[in-house]
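Trainee: The primary structure of each chain is shown beneath.
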Amino acid sequence: MWRSQLWRSYAALRALPAVAGVAARSGSWGGCARTVGNFLRRPRRVREAAIIARSGLFDAAYYVAKYPDVAQAGVHPLVHYVLWGAFERRQPHPLFDPGYYLERYPDVARAGFEPLSHFLLHGGFEGRSPGPHFDCRFYLAANPDVRRQGVNPLVHFLQRGWPEGRSPSPSFDCAVYSERYEDVKASGLNPLIHYAEIGHAEGRDISSLTETSLPAPPRLRLTSTPLGNRRQAQRVVVCLTHVCPWPAHAGNAYRIIRLLTRLRQDGFQVVLVMAPLAGEEPTLEAIRKLVELFSNVIVVECNGTVRYELADVPDVLSSLNGEHTPRYSAFLAEEMPALGRERELLVLDRTYCHDAIIATVLRLHSVLGPYVLLAEYVWMARVLPLLDTRAVKVIDTHDVYATKAEKVLRFGVDDLWLSPDEERRRLELADLVVAIQDDEREILQRLLPGRPVVTAGVDFEMRGEARLPAEPRVLFLASANPMNVSGLKEFLRFAWPNVLRLVPDAELLIAGAVSEAISDDIAGVRVLGRVDDLDGLYRGVRVVINPVLAGTGIKIKTIEALSRLRPIVTWKTGAEGLSQELKDLCDVVEDWYQFGARVAARLRGDVVEAFSPAERLLIGRATSPDTVYAELSSTLRRMWEERSAGTYAQTGGVSE
Amino acid sequence: MSGLADAPLHAFVDLTADRAPEQAATHGVMGWPHRDHFTAAACRVTCVADPGSTELVSAAARALDWSLIPTDAPVRACNAAMMRAAADQAWFLLLSGPVDASEEALFAMRRCLERDPLFGCAAARIRCADGCCFRRPSRSGQSAGYWIPRRTLAETEDVEVSPELFEASLLFPPHLVAEFGPLDSRFSSIAGAILHYLSKARRCGYRTVIANRALMGISGASCRERGRTPVPDTDQTLLKQLTPDLSRGWEQFRGASNERFEVLSGHAHRTAAVGRPSVLLDIRNVMAVHNGTSRAVLGCVGALHRLSPSWDVTVLAHPAALQFHDVRKMCRGWELTTTPPASPFGVALRLSQPWHIREMVDLHRAALANVYFMLDTISWDVIYPSPQWLDGTWSFLAEHADGFLFDSAFTEKRFLARFPRASDTPRAVCYYPFHPADYVDQRAKRGTDYILVVGNELDHKDAARTLNLLAAAFPFQRFVSLGPPLGELSNLRAHRAGSLSEEDMNQLYAGARYVVFPSFYEGFGFPIVTALAYGKTLIARRSELLDEIAGRCSTGRVIEFARREDLVDIIGRLLHGELIQEERAQPPKPAGLRRWHDVARDIAGFVDSAAAQSSRSRWRMRERAIDQLLAFGS
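If you read the sequences in order, they're chains G and S. Quick note on numbering: the first sequence equals residues 1 to 656 in the numbering used here. Quick note on numbering: the second sequence equals residues 657 to 1290 in the numbering used here.
Simulated from the structure, these hints should not be mistaken for laboratory data. A quick note: this is a predicted structure, and the numbers were derived from the prediction, not measured. The reader is advised that the hints may include incorrect statements.
[Claimed, not checked] Derived, one-sided and incomplete: chain S residues facing chain G with beta-carbon distance under 10 Å:
1) Cys784
2) Leu978
3) Phe980
4) Asp982
5) Ala1120
6) Val1136
7) Glu1234
8) Gln1237
Don't be surprised by glycine CBs; every beta carbon is placed ideally from N, CA and C.
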């Protein structure tokens, strides 16, 4: 507690210079003295004022113009806002409405936070909206680069987002609004601010805006640069993904690289087409490594830049250079009027599967014979209706988004989701659907009766040391996704104290990007960051934990631990999708008390080896690529052969 | 004033308003012996009577050597008599009706006036023909006076300075008889004209006094009959026009206050005599929701009704609550009201804490003895949800209540520690029932499906933080909460506190595997007793109150915790069948568990005792304090 008080005092002191500057601009010595006096009585407000002052979200001119009494109060508008205005529901900025914020998020009001500083510190990143006109959740979902950069969405929108044509909510399009109203365009004002301040009151055409079609994306001028070119192969799989699979720091990247490796071993020539999200562009080193692995790599950025190296297919991409992308929205019937949710999803579909990647895939398609188009994640389905039956269209789902509400959102973790109908509409575009585990296969099969669904999980090479070390060490290795962070924090809160009580010398090793989420010194915890020597890491621990409660798809952490011959303590959700025999090898718990007790039991026991030879055999078999990808390999081969034999009718597609 | 003793006395007897002047003349005036009554001292007596009165009145007047003026306009005659008295420097005695004005009473009136040169008029107290009651003078002549049992007179001061009033016997000193005259001839009644005259005198500083030791009889006056209003309606209108400060004087300068005292005290004497006290049950704090307060208060009301003490009961309740809780059905045969009643009561019993001084003023004005049932002191301690100026309200309560009941020794200690002035006030701890039969609904389906967390949205209940903790720590365990509405927690079904009927609440307890009651602060803790009555394992925060209450229950199992985070460990061990060290040692099972009947009996005993011991001086102190508060409030 002392530590926390000290920190608060320190934070307030650090904020003092910024606030003193504000106080000094209070207009008079009296005003300045009043300001300082008021802040001395409410030190918490000092820090809040500093946060707001730095954010640029306080518009002093706007505030004074809107509330003329502030000018007469003899204190700086920011001071007035922080001390009084916020709690009188006065707006510090046209797009931030304290009344809306406090009513919609009563926990903020209960905690006594000044709403704008809360929004800047926490709310924006948690998807809380600052007012009725700006939808943070939508903005973060539609702009993953903003989420990754850790920038407040509203600040990003005001500084960069709207000039770049990004939409503040599903129902408002800056470009359309500017185009529609000449005065807005001429004023150069942020269209959303204009609407919030003027347009809304004047009843400008917002209702029709929500119901009109989403405008077609701007036509992109493509520039393509060959990185190398070789001959065409016979059996081709074109893998379309937004994930750069190397280096495989995240589970999905690992899974993609393992699957493609296996397909290549099965005789497929792999053409990897990456459409990285803004801010996730692969490094040149990564591209080189992927070229080394698969020979054919194409990187298509959302601004139309295409870089590629093709060894096994003809270079048709050079012809893209200088072309403009066609109006795919017309072909895809996307120019129909769309309501909020539909518009939101359309934005997401276009974010992941943008026109540049469609143009690239179609150009490849034009020179390929029968081939397999493997779309990673359902978000890549947008291109599928444009392809004719030369392509065996496969969606490798990774996740079932229709189960997110039950498996992720219920645990308070924000994530993308689809309704069953929305997911079905996208999956129906594929000839084959790949589930990542058997439970999800059943769900997908129920969603798509009659459509082939196969399971392809993730393989691991069993390379662990059977003997357990004597030191009572626990390992959590994970990426920094919100579910992993949440699971780790709850483990530290609920279970780790219990472990330490039972095993005082226990040590928890935290490795991987999730380490970044742990900033404080915690008793018995060692934060390792990214670790290259995973073999050594696993060898040194007696038990691995997978405390991630929320999540769909396959539990790679669980399988990896087993393949490293380390016992794993996890939730029943952490063992979901595993075969029963593998599940039986996990310590599955029902609550955090039990979690701690089981971890402690694993640490205290005098067990020398976690698994018997028979169990090790079982793990090796269950996680081998031969087992994991057998069904998918055979199905793809069969479908490709059928397609080659012309069994499939020509359906769908658009000519180049 | 010494010269006054020698001044002559003029008297004016108004028989015009009397319905049967002949009878009055026969039994009243004619019965006055010459020597022992004022007629012996009066050198001049003027009598006015209706022109239609019979010869008998004339004969009486002649026999007494009075001037008889037959008239239906007595004001003019009275004015003339006053002028004559003024001219003769004489005392002026105004009698309305056949008043038996003895020398002794006159002497007492003169003594009152001689006390202060600015006492301008003295009124005598009028007794009924039976002598059992005396009359409280009418409020500015605008209503009939009240008949008060004679014992109350002993509780009054000798002299009572009063706003203007009109009574059947008024005495004016010589120097003031016509100083503010003449009487306004627009008044049709002497009462109206005299009140106007007295108000003019008062505006110059001369006050009316009531001579409480000057008792006079009036022929034919019966305390069983309601008297008549001395000032007729037409005169009242004129009076209000001419003296707009008349009612203010009555309200704010002790008129109403003294009247209230005599009415309440008189009522107490009257009901004590018949052994049937009247009780006002104030349950205005019960709102149209189900909560601990409604359970406690309505439990007491129901139990008292079943006990049927020998009281006349009126229930004062919030209108919405009357309907919501079907109080009418519960209190069949009792009076119900939604506004503070005007009629007097022996005891007012507030079945919960007062929240505003206004509520206490209501009870003070309704009853001589005020008793309060204190349920807890939470609001005072936590401050934020408390009504404005609660500290002042309860300080006043501590100083001026006539009795306190507390629902636990814990609450009593808290209250006395915060308001030590209450230590001298009679008080008792009156627990609510502990017997399972008073809590368990046999129709409720038993089960062990979920963990019930009980609280509400107030911080001291700690429900929201506990629920967030437990729902996160036991993600696959079902929780049901009675408390604050929480966000999206998949393993929690939240019921808003106050929204469930008693039947639904019982079902919640009956179906729970464990009951968690994380509250930091309670007065009694119904959830404790309810959970234990259902034989459940109760996990509650360690406290003195838990020891006090749980120790009186006979069933169930109590596990204590000290810190919220400990719940993870405790519930974890419970769920997995491990040993629990925090289990509270079960005390020996108490014999004869308390039931609602016992609660009602204890309350009734305390109220009867308060009624018997009600202190007039305490009431007067309270009245003065309220006047002071009202003075500030204005």
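Trainee: Next step is simple, just say for each hint if it's right about the structure.
Mentor: Each hint tested on the structure:
1. Cys784: At about 65 Å, which exceeds the 10 Å cut-off, the nearest Cβ of chain G leaves the hint on Cys784 (chain S) violated.
2. Leu978: violated, 32 Å
3. Phe980: violated, 26 Å
4. Asp982: violated, 34 Å
5. Ala1120: Holds - the Cβ of Ala1120 (chain S) comes within 10 Å of chain G, reaching about 9 Å at its closest.
6. Val1136: At 17 Å from the nearest chain G Cβ, Val1136 (chain S) fails the 10 Å test, so the hint is violated.
7. Glu1234: Since the shortest Cβ distance to chain G is 9 Å, the answer is holds.
8. Gln1237: violated, 13 Å
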